[in-house]
Amino acid sequence: MAVAVGRPSNEELRNLSLSGHVGFDSLPDQLVNKSTSQGFCFNILCVGETGIGKSTLMDTLFNTKFESDPATHNEPGVRLKARSYELQESNVRLKLTIVDTVGFGDQINKDDSYKPIVEYIDAQFEAYLQEELKIKRSLFNYHDTRIHACLYFIAPTGHSLKSLDLVTMKKLDSKVNIIPIIAKADTIAKNELHKFKSKIMSELVSNGVQIYQFPTDEETVAEINATMSVHLPFAVVGSTEEVKIGNKMAKARQYPWGVVQVENENHCDFVKLREMLIRVNMEDLREQTHTRHYELYRRCKLEEMGFKDTDPDSKPFSLQETYEAKRNEFLGELQKKEEEMRQMFVMRVKEKEAELKEAEKELHEKFDLLKRTHQEEKKKVEDKKKELEEEVNSFQKKKAAAQLLQSQAQQSGAQQTKKDKDKKKQSSWLLMKSTLRLGLLELFFCSLL
Amino acid sequence: MDKEYVGFAALPNQLHRKSVKKGFDFTLMVAGESGLGKSTLINSLFLTNLYEDRQVPEASARLTQTLTIERRGVEIEEGGIKVKLTLVDTPGFGDSVDCSDCWLPVVRFIEEQFEQYLRDESGLNRKNIQDSRVHCCLYFISPFGRGLRPLDVAFLRAVHEKVNIIPVIGKADALMPKETQALKQKIREQLKEEEINIYQFPDCDSDEDEDFKRQDAEMKESIPFAVVGSCEVVRDGTRPVRGRRYSWGTVEVENPHHCDFLNLRRMLVQTHLQDLKEVTHDLLYEGYRARCLQSLARPGARDRASRSKLSRQSATEIPLPMLPLADTEKLIREKDEELRRMQEMLEKMQAQMQQSQAQGEQSDAL
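Read top to bottom, the protein sequences are chains H and S. Take the UniProt record's numbering: the last position of the first sequence gets the number 449, and nothing is skipped along the way. Take the UniProt record's numbering: the last position of the second sequence gets the number 366, and nothing is skipped along the way.
Watch out, some of these pointers could steer you wrong.
What the hints assert, rightly or not - With a Cα cut of at most 25 angstroms, we get these calculated PhoX-like pairs of lysine-lysine:
{"hint": "1", "chain 1": "H", "residue 1": "K385", "chain 2": "H", "residue 2": "K371"}
{"hint": "2", "chain 1": "H", "residue 1": "K425", "chain 2": "H", "residue 2": "K397"}
{"hint": "3", "chain 1": "H", "residue 1": "K433", "chain 2": "H", "residue 2": "K385"}
{"hint": "4", "chain 1": "H", "residue 1": "K244", "chain 2": "S", "residue 2": "K18"}
{"hint": "5", "chain 1": "S", "residue 1": "K178", "chain 2": "H", "residue 2": "K248"}
{"hint": "6", "chain 1": "S", "residue 1": "K178", "chain 2": "H", "residue 2": "K65"}
Claimed, not checked - Here are the in silico distance ranges between beta carbons for each label pair:
{"hint": "7", "chain 1": "S", "residue 1": "E232", "chain 2": "H", "residue 2": "K95", "range": "45 to 55 angstroms"}
{"hint": "8", "chain 1": "S", "residue 1": "Q355", "chain 2": "H", "residue 2": "L356", "range": "33 to 43 angstroms"}
{"hint": "9", "chain 1": "S", "residue 1": "K186", "chain 2": "H", "residue 2": "L31", "range": "51 to 61 angstroms"}
{"hint": "10", "chain 1": "S", "residue 1": "V20", "chain 2": "H", "residue 2": "N266", "range": "45 to 55 angstroms"}
{"hint": "11", "chain 1": "S", "residue 1": "R157", "chain 2": "H", "residue 2": "Q130", "range": "29 to 39 angstroms"}
{"hint": "12", "chain 1": "H", "residue 1": "S68", "chain 2": "S", "residue 2": "V56", "range": "47 to 57 angstroms"}
{"hint": "13", "chain 1": "S", "residue 1": "H281", "chain 2": "H", "residue 2": "N266", "range": "27 to 37 angstroms"}
{"hint": "14", "chain 1": "H", "residue 1": "V259", "chain 2": "S", "residue 2": "G287", "range": "41 to 51 angstroms"}
{"hint": "15", "chain 1": "S", "residue 1": "K186", "chain 2": "H", "residue 2": "K95", "range": "46 to 56 angstroms"}
{"hint": "16", "chain 1": "S", "residue 1": "E286", "chain 2": "H", "residue 2": "S68", "range": "32 to 42 angstroms"}
Read the hints as simulated data drawn from the structure, not as lab findings. C-beta atoms are modelled at their ideal positions from N, C-alpha and C, and glycine is treated no differently.
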C-alpha cells in the first residue's frame with residue numbers, strides 16, 4: 001500500500017543562498033573516492049579480421065603485454081574470446097576485459113559472421129537483466145560484463161568499407177558503442193588518407209550506421225571532443241617494439257625507408273584514440289552503454305514477455321500483478337498443451353491398432369486361399385497319377401493279351417500275321433509312349449510353375 | 001685448320017628479325033581481393049595508365065556482387081619491339097559477403113580460351129590463329145593477414161593446373177623486413193601443404209655466368225614477390241623516383257631493398273615472358289587437350305570421333321566432349337549382352353528337352 005507523501009502541488013524549487021560554507025561541495029569527491037575504492041570496470045570488444053592488429057593495438061594502448069596466441073585463418077566460424085585483466089595506475093584499479101573475435105572474415109561464406117558477436121553482446125545484457133530482476137540481488141557487487149566500447153578495425157584498402165564491415169556494423173550499432181578505426185594505417189599515404197576517411201564516413205552515414213558520438217554537452221570536454229571527432233575514423237598503428245629515436249626509446253615500426261612512430265601525431269592517430277577512448281570518455285562510454293543500449297535491450301526483452309507500462313485505461317501496471325497474470329497464463333497453456341498431446345497420442349494408438357488388425361485379417365485370408373489352392377493342386381496331381389496307373393495297368397493287360405495272341409499266332413505259324421500283329425503292337429506301343437510322354441511333360445511343367 | 005664458314009650461325013638473327021616482324025602477344029590475368037594494389041602495380045609494371053577512369057563501387061553495391069571478367073587490350077612498343085598485351089581483370093572477386101564458388105567464372109574463362117584454341121588448331125584454316133589463352137596469372141595475397149586465407153586456397157586450387165600462377169604479396173610496404181620473410185615462409189609452406197603448383201622458374205644452364213646464376217637464385221628465393229606499386233614520381237633528394245611518399249620516408253618502388261618489384265618486372269617481362277607462353281602451350285594446354293580428347297576416346301566411339309573430326313566443315317560441329325555418343329554405345333552393348341543371355345537360356349532348355357526325350361526313348365527301349 002502506497003503511503004501518501006505531502007508535496008507542494010507545484011514543483012517549483014526555490015533558490016536559496018547560503019550564508020556560510022556548509023561543505024556539500026565535497027560530494028563529487030566522496031563519489032570519486034567511493035568509486036576508486038571499489039575499482040572500475042571496462043570491457044572492450046575488438047572486431048576485425050585475423051591479423052589486422054587487434055592484439056597489438058590493445059598491448060600498445062594499455063602499455064602491457066597481454067598474452068595471446070595468434071589465430072590462423074582456418075577457423076570454421078567466428079567465436080568470441082574474452083580475457084579479463086587487473087590493471088593499476090596510481091591508486092586506480094581497473095578490471096579490463098578484452099573480447100576478441102577469432103576467425104572473423106576468414107570464411108568463404110560470411111553471411112553468419114555477425115551472429116556470434118550479437119549473441120555475445122545480448123548474453124551480457126541478459127545476464128545483467130537477470131541480476132536486476134532477481135529477488136535477492138547484489139548489483140553493487142556485480143561484475144559488469146556488458147561491452148562498453150566496440151573498436152571496429154577497418155582494413156586499409158584505400159577504397160572504401162568492405163561489404164562485411166557494412167553488414168556487421170549495421171547489426172551492432174544499436175547494441176554497442178561503435179568506434180571505427182583504420183588499422184595498419186602506415187600503408188596509407190597522407191593524401192590518400194583524407195579521401196579514404198571521408199569515403200568511409202559518407203558510406204556510414206548513407207547506410208544509416210550509428211557510431212559513437214563523443215559527448216559535446218559538457219563544457220570541459222566539449223572542445224576537445226569536437227576537434228577529435230573531425231578525425232574519425234582514427235588511423236592507427238600499433239607496436240610493442242621500441243626503436244631508438246634521437247636519444248630516447250619510443251614505440252615504433254622500423255622500415256628500410258623510415259621509422260613510423262606510434263605516438264607521433266604526424267604519423268598516425270594513435271594518441272587521439274588513446275585520449276578519446278581512455279583519458280576523456282571512458283566513463284561516458286560506460287554510461288551510454290547503461291542508459292542507452294542496455295535500456296533498449298531491457299525494454300525490448302520485457303515487451304517481448306508481455307509487460308507493459310500502462311494498461312488500456314492508462315493506469316500504471318504493477319510489475320508484480322503482470323508477472324502473476326503472465327505466470328498463470330503460462331501454466332494454463334502448459335496444461336492445455338499436455339491435454340492436447342495426450343489426446344493425440346490416444347488417437348494415434350487407436351489408429352495404429354485398427355491398421356494392425358486389418359493387416360492381420362488380410363494375412364489370414366491369404367493363408368486360407370493359398371491352402372485351398374495347394375489342396376486343389378494336390379488333388380489334381382493325384383488324379384493324374386491314378387490315370388497314369390490305370391493306363392499302365394491297361395497297357396499291361398493289353399501286353400499280356402498281345403503276348404497271348406502272339407503265342408497263338410506262332411502256333412498258326414503265319415509270319416505275315418505276326419508281322420501285322422507286330423506292327424499293330426508297335427503302333428499301339430508308340431501311342432502309349434506318346435501319351436506317357438505328354439503326361440510326363442505336363443507334370444514337368446506343373447512342377448516348374 | 002680453319003673450317004669454312006657455312007653461315008648458320010646467323011640463324012638467331014633471322015629468328016630475331018622474324019619475331020620482331022610478327023610481334024608478341026601476351027595475356028596476363030590479375031586476381032585477388034579489392035584494395036591490394038593490383039591496378040597500381042599493373043600501371044607500374046608496364047609504365048602506362050591502363051586503369052584510367054576506374055570507378056570503384058561502394059560497399060553497399062558490393063554486398064552481393066558477382067565476379068565479372070574484364071579484358072583490356074593495349075599495344076606497347078619499346079625499341080622497335082611491339083607487344084600486344086591483354087590484361088584480364090577479375091573485379092568483384094572476394095567482395096561479397098558470401099563468396100562461395102566465386103572463382104568458377106574465372107575457371108570457366110580460362111577453359112573457354114583453351115577450348116577456342118583447340119577448335120582453331122583442329123580447324124581447316126589455321127593461318128591466323130589468335131592466341132587468347134591466359135599465359136600468366138598474378139595472384140595477389142593480402143599483407144594484412146597471416147598467410148593464405150581459405151578463399152585464396154580455393155581459388156588457387158581451382159586454377160593451378162590451368163594457368164601459370166605467380167603469387168604476389170600486394171602493398172608490401174605494410175610489412176617490416178622480418179615480417180615479410182615470415183609471411184613469405186608461411187605462404188610457401190601453405191602452398192606446399194595444399195599441393196598447389198605455382199609457376200616453376202626453369203633452372204638456368206650450368207654454363208651461364210656466376211652473376212646470372214646468383215640473380216636467378218635470389219629471384220627464386222623471393223617468391224612470393226612482395227611488391228609495392230606507384231603511379232607517382234616523387235622527388236627524393238635530388239633524383240626523381242617512382243614511389244610512395246609518407247611522413248616518415250619514401251618507399252622506392254624500384255629499390256630492391258624496399259620491395260621485390262624489380263625482380264617481378266625482370267622475371268615477367270625481361271627474362272621469362274617467352275617461357276611462360278611456352279609452358280602454357282606445351283604443358284597446360286596439352287594437358288587440357290589430352291583430358292578433352294580422352295573423354296571422347298571410348299571403345300566404339302574412337303573411330304567415330306576421328307572420322308567426325310576429319311569430315312568437319314565448321315568449328316561449330318565439334319561436340320566437345322562427345323558424351324552422348326558414348327552413352328548410346330553403352331546401351332547397345334548392354335542390349336547385346338541381354339540377347340546373348342536369353343539365347344543361351346533357350347538353348348539350355350532345348351537341350352534339356354532333348355535329353356528328357358532321349359531318356360524316355362531309352363527307358364522305352366528297355
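Results for each hint:
1. H/K385 - H/K371: 21 angstroms, holds
2. H/K425 - H/K397: 13 angstroms, holds
3. H/K433 - H/K385: 16 angstroms, holds
4. H/K244 - S/K18: 60 angstroms, violated
5. S/K178 - H/K248: It holds: about 23 angstroms lies between the C-alpha atoms, which stays within 25 angstroms.
6. S/K178 - H/K65: 20 angstroms, holds
7. S/E232 - H/K95: 45 to 55 angstroms: 49 angstroms, holds
8. S/Q355 - H/L356: 33 to 43 angstroms: 51 angstroms, violated
9. S/K186 - H/L31: 51 to 61 angstroms: For H/L31 against S/K186, whose Cβ atoms are near 52 angstroms apart, the range 51 to 61 angstroms holds.
10. S/V20 - H/N266: 45 to 55 angstroms: 52 angstroms, holds
11. S/R157 - H/Q130: 29 to 39 angstroms: 48 angstroms, violated
12. H/S68 - S/V56: 47 to 57 angstroms: Violated: the Cβ-Cβ distance is about 34 angstroms, outside 47 to 57 angstroms.
13. S/H281 - H/N266: 27 to 37 angstroms: Taking Cβ atoms as reference, S/H281 and H/N266 lie about 53 angstroms apart, which means the hint is violated.
14. H/V259 - S/G287: 41 to 51 angstroms: 50 angstroms, holds
15. S/K186 - H/K95: 46 to 56 angstroms: 36 angstroms, violated
16. S/E286 - H/S68: 32 to 42 angstroms: For S/E286 and H/S68 the Cβ distance comes to about 50 angstroms; the hint is violated.
The structure fails hints 4, 8, 11, 12, 13, 15 and 16 (numbered hints given earlier, in ascending order).
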